[in-house]
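Number of protein chains: 2
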Amino acid sequence: MVSDAPQLSGGSLLIAWQLRNKHVLIVGGGEVASGRIESILVADASISLICPRAGLHPRSRRLIEQHPDRITYHDRVFSGPGDLEDIDMVLTAIDDVSRSREIYSLCRDTKIPVNVADIPDACDFYFGSQVRDGPLQIMISTNGESPKMSAMIRRRIERCLEGYEGEAIAKAGVLRQQLKERAPGVGGDVGRRRMRWMIDICNAWEMEDFTLLDDEMIKRLLDEGWEKNIVPSVEDVGGTSRRASRRREDPEASTLSIVLPSLGAFLAGAAFATLGLMLKRRR
Amino acid sequence: MVSDAPQLSGGSLLIAWQLRNKHVLIVGGGEVASGRIESILVADASISLICPRAGLHPRSRRLIEQHPDRITYHDRVFSGPGDLEDIDMVLTAIDDVSRSREIYSLCRDTKIPVNVADIPDACDFYFGSQVRDGPLQIMISTNGESPKMSAMIRRRIERCLEGYEGEAIAKAGVLRQQLKERAPGVGGDVGRRRMRWMIDICNAWEMEDFTLLDDEMIKRLLDEGWEKNIVPSVEDVGGTSRRASRRREDPEASTLSIVLPSLGAFLAGAAFATLGLMLKRRR
Chain A
1 MVSDAPQLSG GSLLIAWQLR NKHVLIVGGG EVASGRIESI LVADASISLI
51 CPRAGLHPRS RRLIEQHPDR ITYHDRVFSG PGDLEDIDMV LTAIDDVSRS
101 REIYSLCRDT KIPVNVADIP DACDFYFGSQ VRDGPLQIMI STNGESPKMS
151 AMIRRRIERC LEGYEGEAIA KAGVLRQQLK ERAPGVGGDV GRRRMRWMID
201 ICNAWEMEDF TLLDDEMIKR LLDEGWEKNI VPSVEDVGGT SRRASRRRED
251 PEASTLSIVL PSLGAFLAGA AFATLGLMLK RRR
Chain B
1 MVSDAPQLSG GSLLIAWQLR NKHVLIVGGG EVASGRIESI LVADASISLI
51 CPRAGLHPRS RRLIEQHPDR ITYHDRVFSG PGDLEDIDMV LTAIDDVSRS
101 REIYSLCRDT KIPVNVADIP DACDFYFGSQ VRDGPLQIMI STNGESPKMS
151 AMIRRRIERC LEGYEGEAIA KAGVLRQQLK ERAPGVGGDV GRRRMRWMID
201 ICNAWEMEDF TLLDDEMIKR LLDEGWEKNI VPSVEDVGGT SRRASRRRED
251 PEASTLSIVL PSLGAFLAGA AFATLGLMLK RRR
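First to last, the protein sequences are chains A and B.
For the first sequence, full-length UniProt numbering gives the first residue as 1, with consecutive numbering after it.
For the second sequence, full-length UniProt numbering gives the first residue as 1, with consecutive numbering after it.
For the record, the hints were derived by calculation from the structure and aren't laboratory data.
Just so it is clear, CB atoms sit at the ideal spot from N, CA and C, and this is done for glycine as well.
Do not rely on the hints blindly, as some may be mistaken.
[What the hints assert, rightly or not] Examples of chain A residues lying across from chain B (beta carbon under 7 Å, computed):
1. I15
2. L19
3. V42
4. A122
5. F125
6. Y126
7. G128
8. S141
9. T142
10. A183
11. P184
12. F272
13. L277
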């Protein structure tokens, strides 16, 4: 979905492309290409990398060495349509503009999704700044208006995440999976009831508390929650809400931070006045 | 790029798919489909919508009425391969699983990117939660682990944005465009110098201050900045930094908030001690 009251034009379609067990051709091995290699590895695809060895960025070289099972390296330049056989996606990052456009048109002819670095009109899709924490992936696009600002927004988003989100989402995924095994079936009433119950748990629990979930807690959550169609608290299933326990401490801390300086100032004032009066009496 | 030290597996490839002047087929008109229609309109594509009128969600009906020039509506069910002619992408959101799979395999045969709602293994790509502010688009994906949590992260990101980002990015885009017109050329030295200068401005200025940019300021920025190869401040080109002006106020406020109570406590302590000693002297 797009957010509320969107302006219905001028954007892109942001999507999570699925590449598990797919084969991606990357032409070029420089710095930009090395970033592409990482992005494709993240998406669980195998890679054919075509680039003369002299053109390999150190990071590309390292990735080739670290993932020989996933990256097939060809120490040469792009050689024509034959290189596109059984390829599901093509990414090029080379300086040769005419060669880039040649590869683009070959991909168009064979309807292979293609991104040509630095030539927007030769791209079926663009990349953006990304944040990743386990199963959580966030992409920031400025639709080509300001790559620098998309990187700034990325850092701002990284700061506003608290670090447990990826683990919490992964644990929620485990719970969801075990719930599906206990109450199988695609769609229909059971599907709706599963979705409703998962949403109720997510609303009732602090996201951070999902990181506490272990097999024992998940079993109790399903036995005492799903089976009885209720939403147990973290404590009900043997956990201690991290966020809640911190909240109990915070107010004290913040109160002290006001009381202590004031108390100090009060005593200082008292001492000051006492001293002043005593000296006066001496005379 | 993916963020630092990423785990190189288990994710998707998040991309901004380009659909300007493309033609998208949407099969189904229910609530899910109505969200798809909005996403496709945002991406500047034209739409063929196939759904019996009885199945149209009110939002779908409204969008059809509001965008007759962009949405071609067909009051019927999907009728076979003929419906896929000249189609660049297919999105289905219907309850009929076998019909959905039929459409999916037709798209596979003709290599048309396809998303079938609720059937993950019949999707070339997934959708995620999205934030949009003008040219800024942010997508949150949990790779199917927890749609609810991706919506929660979306709201958290919306809260950590300050509201001016979209406008700032749009203005930076205008500056970038006018810079390209003044110093044309793709790539090469001029391209690198343009990129470097834009990055320097983005680093030197508060993002919020880009919202101040009008034609006059942009002209001064290019005349007194780009031409002389320097980075003028907002004030240099006739603006007043919003963030900076706020910052000048903040510290005073925060200092007073500590000084006043302490001063009060000091005087109270002094008064208390004085009173105490004077009473003592009375006796």
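The hints, checked one at a time:
{"no.": "1", "hint": "I15", "result": "holds (4 Å)"}
{"no.": "2", "hint": "L19", "result": "holds (6 Å)"}
{"no.": "3", "hint": "V42", "result": "holds (4 Å)"}
{"no.": "4", "hint": "A122", "result": "violated (11 Å)"}
{"no.": "5", "hint": "F125", "result": "holds (4 Å)"}
{"no.": "6", "hint": "Y126", "result": "holds (4 Å)"}
{"no.": "7", "hint": "G128", "result": "holds (6 Å)"}
{"no.": "8", "hint": "S141", "result": "holds (4 Å)"}
{"no.": "9", "hint": "T142", "result": "holds (5 Å)"}
{"no.": "10", "hint": "A183", "result": "violated (17 Å)"}
{"no.": "11", "hint": "P184", "result": "violated (15 Å)"}
{"no.": "12", "hint": "F272", "result": "holds (6 Å)"}
{"no.": "13", "hint": "L277", "result": "holds (5 Å)"}
Violated hints, listed in ascending order, are 4, 10, 11; each of the other numbered hints is respected by the structure.
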